[in-house]
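Student: Sequence:
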Amino acid sequence: MRIIVIDDEKIKRTTMTDVLNKAGYNVESFETPIAALAHFEKFGSDIVITDIRMPGLDGFEVLRKVKSISPNTAIVMITGYGTIESAVEAMKLGAYDYLTKPFSSDQLLLVISKVRRFIELENENISLKEKLSEIYSFHNIIGKSRVMRQLYEKLETISKTDMAVLIEGESGTGKEIVANAIHYNSVRKNKPFIKLSCAILNESLLESELFGHVKGAFTGAIKDNKGRFELANGGTLFLDDVDDIPKSFQVKLLRVLQEKEFEKVGGNISMKVDVRVISATKVDLLSKVKKNEFREDLYYRLNVIPIKLPPLRERREDIVLLLNHFAKKIGKENLEFSNDALEVLINYNWPGNVRQLENTLCRIVAFSKSDFITKDMIPIDISLNKQRNLPIDFNGIEKVQFDKVVEEVESAAISWAYKKTEGNQSKAAELLGIKRTTFRDKLIKYNIN
860 MRIIVIDDEK
870 IKRTTMTDVL
880 NKAGYNVESF
890 ETPIAALAHF
900 EKFGSDIVIT
910 DIRMPGLDGF
920 EVLRKVKSIS
930 PNTAIVMITG
940 YGTIESAVEA
950 MKLGAYDYLT
960 KPFSSDQLLL
970 VISKVRRFIE
980 LENENISLKE
990 KLSEIYSFHN
1000 IIGKSRVMRQ
1010 LYEKLETISK
1020 TDMAVLIEGE
1030 SGTGKEIVAN
1040 AIHYNSVRKN
1050 KPFIKLSCAI
1060 LNESLLESEL
1070 FGHVKGAFTG
1080 AIKDNKGRFE
1090 LANGGTLFLD
1100 DVDDIPKSFQ
1110 VKLLRVLQEK
1120 EFEKVGGNIS
1130 MKVDVRVISA
1140 TKVDLLSKVK
1150 KNEFREDLYY
1160 RLNVIPIKLP
1170 PLRERREDIV
1180 LLLNHFAKKI
1190 GKENLEFSND
1200 ALEVLINYNW
1210 PGNVRQLENT
1220 LCRIVAFSKS
1230 DFITKDMIPI
1240 DISLNKQRNL
1250 PIDFNGIEKV
1260 QFDKVVEEVE
1270 SAAISWAYKK
1280 TEGNQSKAAE
1290 LLGIKRTTFR
1300 DKLIKYNIN
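Here the sequence shown stands for residues 860 to 1308, where the numbers follow our numbering.
Source of the hints: derived by calculation from the structure; they are not laboratory data.
Treat the hints loosely; a few may be bogus.
[Claimed, not checked] Calculated pairs, DSS-like style, for lysine-lysine (alpha carbon to alpha carbon, straight line, at most 25 Å): (1) LYS1286 <-> LYS1234; (2) LYS924 <-> LYS960; (3) LYS1149 <-> LYS1106; (4) LYS901 <-> LYS924.
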């Protein structure tokens, strides 16, 4: 454990250095803060012990500079002017502890022992977080729930094969991340990973994107162009939204999967290709097969190994882990949440799944001045819908009265804002983005008091 001692009084500096050296610490002592900081910038230290009142830079300035260079270095402040004000100021600036002269050798060793244990615990915590990250993540797939642990095991097995995979999951569940994980843990990991979203592409565009085209194949084809199959040769082709492939084009894709060759649009030369296909669908593809909207033979070509990703509402125990992961991703490792804020976030249904959760956290952080997130910082569209069901249960209802639905939701919003602001109509109206007079009229309308 490395320690720097800074004190302009030689006797006290020497005494502290001798005591700490005998206790087994590696100590460097300095008379001036400038010399100490120069040493610190070059070699660092685990602990810095500094006097507060010194010529030139004082101990507070030393504390600020040390923390700016190494936030994890522990600081112990020492002064003969032991006022409450200076102690509070030191702790606010990040000092670990505070000693007032005169103090005994035992007192010094006790404080340093506490600091040492604190540093050890911090290091253990960092190590534990890294191990948890390894256990619960599979190339950015985050989760510790039973269903996610089962997914990790399946992905490990799938990655060792070279078969086609069909990933089914709602929007925002992480289908592309799973496809990446399979590729980068497979024997093809050093080869290309090429993706294509099949959504919104008509047949001619899809054919050109997948197979490429030759110069002059159509208006605007001014040069030969490689398609995704050619670009992915030797690697993996990820077809997202495969359920959107036009029925008329499906037979062409089937032929490539069967024969492992294709021709460019406008060309007549067959090109051999070695590609692993991973496809993804946001709907039950088998149901489309039964409705004759998707070819059965293509379905079975794509669905050699099926993976079904759970929506976030079915793995709520992963939400805190995901929040911590996304906070770290945006440089907010110290972000914390109050219990009531977590309750709202955990109980929300998340129709947009993990993607919506990440975007919501980014919104919260963007508008928050603190790293401690409370319930009132959560966007109103999330906090008002923390219950897992809508105010009206639409299941089994063939016809609804629109005005009634609007009134129920509006009443819930007015009641929520009124309670949140403890009856302050002006603040409640501001919270909802409406005029105070409008808010007052709604209170009367819904008999809220």
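Student: For each hint, tell me whether it holds in the structure or not.
Tutor: Hints, one by one, checked against the model:
no. : hint                : in the structure
1   : LYS1286 <-> LYS1234 : 16 Å, holds
2   : LYS924 <-> LYS960   : 24 Å, holds
3   : LYS1149 <-> LYS1106 : 13 Å, holds
4   : LYS901 <-> LYS924   : 13 Å, holds
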